[in-house]
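Got chain A sorted already, so can you dock chain B onto it with the hints?
Number of protein chains: 2
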Amino acid sequence: MIKVIETIDVMRAYIKEARFAGKKIGLVPTMGALHEGHLTLMREAKAVCDVVVASIFVNPTQFGPNEDFAAYPRKFENDCRLAQGVGVDAIFHPQPSEMYPPGYSTYVNVSGITDKLCGQSRPGHFQGVATVVTKLFNIVQPDTAFFGQKDAQQCLVIQRMTADLNMDIQIVMVPTVRDANGLALSSRNAYLSPEEIQAALVLAQSMRLADHAVKAGERNIAAIRDMVRNKIQSEPKAEIDYVEIYQYPDLQATDVLANKALLALAVRFGKTRLIDNIILSV
Amino acid sequence: MIKVIETIDVMRAYIKEARFAGKKIGLVPTMGALHEGHLTLMREAKAVCDVVVASIFVNPTQFGPNEDFAAYPRKFENDCRLAQGVGVDAIFHPQPSEMYPPGYSTYVNVSGITDKLCGQSRPGHFQGVATVVTKLFNIVQPDTAFFGQKDAQQCLVIQRMTADLNMDIQIVMVPTVRDANGLALSSRNAYLSPEEIQAALVLAQSMRLADHAVKAGERNIAAIRDMVRNKIQSEPKAEIDYVEIYQYPDLQATDVLANKALLALAVRFGKTRLIDNIILSV
Numbered sequence: 000m001i002k003v004i005e006t007i008d009v010m011r012a013y014i015k016e017a018r019f020a021g022k023k024i025g026l027v028p029t030m031g032a033l034h035e036g037h038l039t040l041m042r043e044a045k046a047v048c049d050v051v052v053a054s055i056f057v058n059p060t061q062f063g064p065n066e067d068f069a070a071y072p073r074k075f076e077n078d079c080r081l082a083q084g085v086g087v088d089a090i091f092h093p094q095p096s097e098m099y100p101p102g103y104s105t106y107v108n109v110s111g112i113t114d115k116l117c118g119q120s121r122p123g124h125f126q127g128v129a130t131v132v133t134k135l136f137n138i139v140q141p142d143t144a145f146f147g148q149k150d151a152q153q154c155l156v157i158q159r160m161t162a163d164l165n166m167d168i169q170i171v172m173v174p175t176v177r178d179a180n181g182l183a184l185s186s187r188n189a190y191l192s193p194e195e196i197q198a199a200l201v202l203a204q205s206m207r208l209a210d211h212a213v214k215a216g217e218r219n220i221a222a223i224r225d226m227v228r229n230k231i232q233s234e235p236k237a238e239i240d241y242v243e244i245y246q247y248p249d250l251q252a253t254d255v256l257a258n259k260a261l262l263a264l265a266v267r268f269g270k271t272r273l274i275d276n277i278i279l280s281v
Numbered sequence: 000m001i002k003v004i005e006t007i008d009v010m011r012a013y014i015k016e017a018r019f020a021g022k023k024i025g026l027v028p029t030m031g032a033l034h035e036g037h038l039t040l041m042r043e044a045k046a047v048c049d050v051v052v053a054s055i056f057v058n059p060t061q062f063g064p065n066e067d068f069a070a071y072p073r074k075f076e077n078d079c080r081l082a083q084g085v086g087v088d089a090i091f092h093p094q095p096s097e098m099y100p101p102g103y104s105t106y107v108n109v110s111g112i113t114d115k116l117c118g119q120s121r122p123g124h125f126q127g128v129a130t131v132v133t134k135l136f137n138i139v140q141p142d143t144a145f146f147g148q149k150d151a152q153q154c155l156v157i158q159r160m161t162a163d164l165n166m167d168i169q170i171v172m173v174p175t176v177r178d179a180n181g182l183a184l185s186s187r188n189a190y191l192s193p194e195e196i197q198a199a200l201v202l203a204q205s206m207r208l209a210d211h212a213v214k215a216g217e218r219n220i221a222a223i224r225d226m227v228r229n230k231i232q233s234e235p236k237a238e239i240d241y242v243e244i245y246q247y248p249d250l251q252a253t254d255v256l257a258n259k260a261l262l263a264l265a266v267r268f269g270k271t272r273l274i275d276n277i278i279l280s281v
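In order, the protein sequence lines correspond to chains A and B.
Note that numbering that gives the first Met the number 0 gives residue 193 to position 194 of the first sequence, counting from 1, and the numbers run on in steps of one.
Note that numbering that gives the first Met the number 0 gives residue 273 to position 274 of the second sequence, counting from 1, and the numbers run on in steps of one.
Next up, chain A with everything else stripped away, as it sits in the complex (with noise of 0.2 Å):
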């Protein structure tokens, strides 16, 4: 049965534990509401730690006042069993206040990646992130943390802070899933209703389109976006909030691909703000 841990000393003495007997520790933070792309993750820390601890911690620090915190999807009993499938050991489940006590006032920032896309959208989204996977980085103290390409950003973000704060840590970036139509996997797509998930196909669509430009030899950063927002805006349920493609892994602004690029948008369909990416390579 899997361990399911909801305080940070219990949390503490399992990886002492497991750190004692020698064992190679791997962590992939979640939000919950399990789907394959994060059974991906956690199948892949399997692969190469000895113990894998998933968090489901739906963080209030990351969302903003008016986005869905209180509606985002909690389906604890079923991560469980979801995340037993796929051979976790333990689920690291604390409370937010247990997280955040009363007089809790410390936040880690990382500058410039976060001036842009969903930090330009979300403001303080990537404060809470970072603040979170610090904290939570802390706690379970793994080897290695896995993280989905779905959240782009959000990776190099942490890939940045690990790096700039001396962690120990590796981050390992999983690509994305998607069905078989082409749709990223996300939690919020719970949200939406059949014909909004048909017409936020445009978004998988729109950046094909771009890769197929690319690779017939496109190189006219501003003719690719603009290829994929006229695409997206031809499906008349999308509303754009941003379609950008910046250099990769640098995030800083270009006029013309060379190397690699991540082309980002983020898309709402009804009151659900979609993200997704891919990175564009010459």
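In case anyone wonders, no lab produced these hints; they're calculated from the structure.
Some hints here could point you the wrong way.
Stated by the list, open to error - Below 27 Å or equal to it, Euclidean Cα-Cα: the simulated BS3-like pairs (lysine-lysine) are: (1) A:Lys15 to B:Lys22; (2) B:Lys259 to A:Lys22; (3) A:Lys2 to A:Lys74; (4) B:Lys23 to A:Lys23; (5) A:Lys15 to B:Lys45; (6) A:Lys23 to B:Lys45; (7) B:Lys23 to A:Lys22; (8) B:Lys115 to B:Lys74; (9) A:Lys23 to B:Lys230; (10) B:Lys236 to B:Lys259; (11) B:Lys15 to A:Lys45; (12) B:Lys15 to A:Lys15; (13) A:Lys15 to B:Lys259; (14) B:Lys23 to B:Lys2; (15) B:Lys45 to A:Lys22.
Claimed, not checked - Pulled a few chain B residues facing chain A out of the computed Cβ check, cut under 10 Å: (16) Phe68; (17) Pro72; (18) Phe75; (19) Ser104; (20) Asn108; (21) Ile112; (22) Gln126; (23) Gln140; (24) Asp163; (25) Met172.
The structure displayed is predicted, hence computed values, not measured ones.
Glycine included, C-beta positions come from ideal geometry on N, C-alpha and C.
Same frame as chain A, now just chain B:
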């Protein structure tokens, strides 16, 4: 001979070996120009830890643009000799470029207790402190870290940060070391002329007044503060930056002394800014 380590990788390897041998590790972070205050921290560390690492790093990010970063005293060879004399096992002495390589962009902020005293006089100072201490903690991974009460607000910031970010490190605050006349030892005392040293004795004298007043029954915070200010202003060479009293340890404002309070001051003598403090207790 004391081991001098200049790179993060070598420091990590040294610590891994010590950990593997089951040693308890102590860290004394310093900016060098060691005096008896630092040496007291190191002796305390050696008394309770098997391996003591002292860092000597004049951290650029905790100095403001018009502060004394360039002039700050650097006496590395003498420091090594002194540290060896009190049993320090290794000195971590990185270059600024080792700690803050190009592209560096992550900072740790503690809010609340940093908006007053030195946090108000020196904007960005505690962000620099919290960030470099986080890095040192992640590099050295000590069981216990030792800080001097002379920098009481710094101790409180680090205690808050360590608790908030779930760092598994015990923070020990060691009482201020003073010379025979009561002057708190500080690397910055080296800036003072003989006349300024004489004038600076007013700091300890003013705090002794406050302490006596409290022991005699005074509980009015404004009255105690004014007594200290008046005493300091009686010295023509002294220019007050701040003299404040806050509840200890939460640094909340209060009108009436109850339990414990921090009497903290920052005063300039010529170009030199000195800080000092005592904990008043009922």
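Hint check results:
| no. | hint | result |
| --- | --- | --- |
| 1 | A:Lys15 to B:Lys22 | holds, 15 Å |
| 2 | B:Lys259 to A:Lys22 | violated, 46 Å |
| 3 | A:Lys2 to A:Lys74 | holds, 17 Å |
| 4 | B:Lys23 to A:Lys23 | holds, 22 Å |
| 5 | A:Lys15 to B:Lys45 | holds, 25 Å |
| 6 | A:Lys23 to B:Lys45 | violated, 31 Å |
| 7 | B:Lys23 to A:Lys22 | holds, 21 Å |
| 8 | B:Lys115 to B:Lys74 | violated, 32 Å |
| 9 | A:Lys23 to B:Lys230 | violated, 61 Å |
| 10 | B:Lys236 to B:Lys259 | violated, 31 Å |
| 11 | B:Lys15 to A:Lys45 | holds, 25 Å |
| 12 | B:Lys15 to A:Lys15 | holds, 16 Å |
| 13 | A:Lys15 to B:Lys259 | violated, 37 Å |
| 14 | B:Lys23 to B:Lys2 | holds, 17 Å |
| 15 | B:Lys45 to A:Lys22 | violated, 31 Å |
| 16 | Phe68 | violated, 20 Å |
| 17 | Pro72 | violated, 26 Å |
| 18 | Phe75 | violated, 22 Å |
| 19 | Ser104 | holds, 5 Å |
| 20 | Asn108 | holds, 5 Å |
| 21 | Ile112 | holds, 7 Å |
| 22 | Gln126 | holds, 9 Å |
| 23 | Gln140 | holds, 8 Å |
| 24 | Asp163 | holds, 4 Å |
| 25 | Met172 | violated, 18 Å |
Comparing the model with each numbered hint stated earlier shows that hints 2, 6, 8, 9, 10, 13, 15, 16, 17, 18 and 25 do not hold.
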